[in-house]
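Enquirer: In the numbering used here, the protein residues as written are 19 to 119.
Hints listed in this document are in silico derivations from the structure and should not be mistaken for laboratory results. Watch out, some of these pointers could steer you wrong.
BS3-like mimics (lysine-lysine), calculated; alpha carbons at most 27 Å apart, straight line [said to hold, decoys possible]:
#  : residue 1 : residue 2
1  : Lys100    : Lys85
2  : Lys100    : Lys89
3  : Lys81     : Lys20
4  : Lys118    : Lys85
5  : Lys118    : Lys72
6  : Lys55     : Lys81
7  : Lys81     : Lys100
8  : Lys81     : Lys99
9  : Lys99     : Lys89
10 : Lys107    : Lys89
11 : Lys85     : Lys55
12 : Lys118    : Lys107
13 : Lys45     : Lys72
14 : Lys64     : Lys100
15 : Lys99     : Lys85
16 : Lys20     : Lys100
17 : Lys100    : Lys55
18 : Lys72     : Lys89
19 : Lys107    : Lys72
20 : Lys85     : Lys64
21 : Lys45     : Lys85
22 : Lys99     : Lys20
23 : Lys90     : Lys64
24 : Lys85     : Lys107
25 : Lys20     : Lys55
26 : Lys64     : Lys99
27 : Lys45     : Lys81
28 : Lys100    : Lys72
29 : Lys45     : Lys55
30 : Lys45     : Lys20
31 : Lys90     : Lys55
32 : Lys55     : Lys118
33 : Lys90     : Lys72
34 : Lys90     : Lys118
35 : Lys20     : Lys64
36 : Lys72     : Lys85
Between beta-carbon pairs, the in silico distance windows are [what the hints assert, rightly or not]:
#  : residue 1 : residue 2 : range
37 : Asn21     : Glu61     : 20 to 28 Å
38 : Lys81     : Pro47     : 22 to 30 Å
39 : Thr49     : Gly111    : 54 to 62 Å
40 : Leu98     : Thr48     : 27 to 35 Å
Ideal Cβ placement from N, Cα and C applies to all residues, glycine included.
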Amino acid sequence: MKNLLLVIVLLPFLSIAQIRQSEVFKKHPTTPTENIKLTGVIEVSKTMYGITFKDTTISEEYKNAVKTFFKKRLNSYTDLKKYRLQVEKRTDGLYIENTKI
């Protein structure tokens with residue numbers, strides 16, 4: 019009975035934690051003029067075996083855009099390390115680190 023009560027109490031917290039995954043764009047702006055629907059961050063690790071996303075539930079659109087970005091910018095991003103890529107949605111397309119994809 020205690021376990022059932024514990025599950026019922028913790029269920030809302032677990033569901034909220036799942037909702038927060040796969041977010042590219044922030045919920046709250048850091049500056050008053052920042053448009054949170056248009057700017058975001060994607061964290062990836064570049065390894066010998068390819069690119070690994072910190073949040074694996076990001077949509078395929080953004081995953082493909084990041085892979086295209088690393089192919090286009092091969093000379094600038096050659097180190098095998100973690101990257102925080104700035105993502106912007108503009109009227110003419112998706113930009114990662116000010117590079118149109």
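Enquirer: Next step is simple, just say for each hint if it's right about the structure.
Expert: Structure-based check of each hint:
1. Lys100 <-> Lys85: holds (14 Å)
2. Lys100 <-> Lys89: Status holds; Cα separation ~16 Å.
3. Lys81 <-> Lys20: violated (43 Å)
4. Lys118 <-> Lys85: Roughly 13 Å separates the two Cα atoms, so the pair holds.
5. Lys118 <-> Lys72: holds (22 Å)
6. Lys55 <-> Lys81: holds (18 Å)
7. Lys81 <-> Lys100: holds (15 Å)
8. Lys81 <-> Lys99: holds (17 Å)
9. Lys99 <-> Lys89: At roughly 16 Å apart (the allowed maximum being 27 Å), lysine 89 and lysine 99 satisfy the hint.
10. Lys107 <-> Lys89: holds (20 Å)
11. Lys85 <-> Lys55: holds (22 Å)
12. Lys118 <-> Lys107: Holds, because 10 Å separates the two Cα atoms, which is no more than 27 Å.
13. Lys45 <-> Lys72: holds (18 Å)
14. Lys64 <-> Lys100: The given pair, whose Cα atoms are some 6 Å apart, holds under the 27 Å limit.
15. Lys99 <-> Lys85: Roughly 15 Å between the alpha carbons, so the hint for lysine 99 and lysine 85 holds.
16. Lys20 <-> Lys100: violated (43 Å)
17. Lys100 <-> Lys55: OK: lysine 100 and lysine 55 at ~24 Å, within 27 Å.
18. Lys72 <-> Lys89: OK: lysine 72 and lysine 89 at ~19 Å, within 27 Å.
19. Lys107 <-> Lys72: Cα-Cα ~21 Å, so holds.
20. Lys85 <-> Lys64: holds (10 Å)
21. Lys45 <-> Lys85: holds (25 Å)
22. Lys99 <-> Lys20: Roughly 46 Å between the alpha carbons, so the hint for lysine 99 and lysine 20 is violated.
23. Lys90 <-> Lys64: Given that 27 Å is the threshold and the Cα spacing comes to 15 Å, the pair holds.
24. Lys85 <-> Lys107: holds (17 Å)
25. Lys20 <-> Lys55: violated (43 Å)
26. Lys64 <-> Lys99: Between lysine 64 and lysine 99 the Cα gap is close to 5 Å, so the pair holds against 27 Å.
27. Lys45 <-> Lys81: holds (20 Å)
28. Lys100 <-> Lys72: Measuring from Cα to Cα gives roughly 9 Å; hence the hint holds.
29. Lys45 <-> Lys55: Status holds; Cα separation ~8 Å.
30. Lys45 <-> Lys20: Status violated; Cα separation ~35 Å.
31. Lys90 <-> Lys55: Holds, at about 25 Å.
32. Lys55 <-> Lys118: Given that 27 Å is the threshold and the Cα spacing comes to 18 Å, the pair holds.
33. Lys90 <-> Lys72: OK: lysine 90 and lysine 72 at ~21 Å, within 27 Å.
34. Lys90 <-> Lys118: Distance of about 10 Å is within 27 Å: holds.
35. Lys20 <-> Lys64: Violated. Lysine 20 to lysine 64 sits at ~45 Å, over the 27 Å cutoff.
36. Lys72 <-> Lys85: Measuring from Cα to Cα gives roughly 14 Å; hence the hint holds.
37. Asn21 <-> Glu61: 20 to 28 Å: Hint violated: Cβ distance 36 Å, outside 20 to 28 Å.
38. Lys81 <-> Pro47: 22 to 30 Å: holds (25 Å)
39. Thr49 <-> Gly111: 54 to 62 Å: violated (24 Å)
40. Leu98 <-> Thr48: 27 to 35 Å: holds (29 Å)
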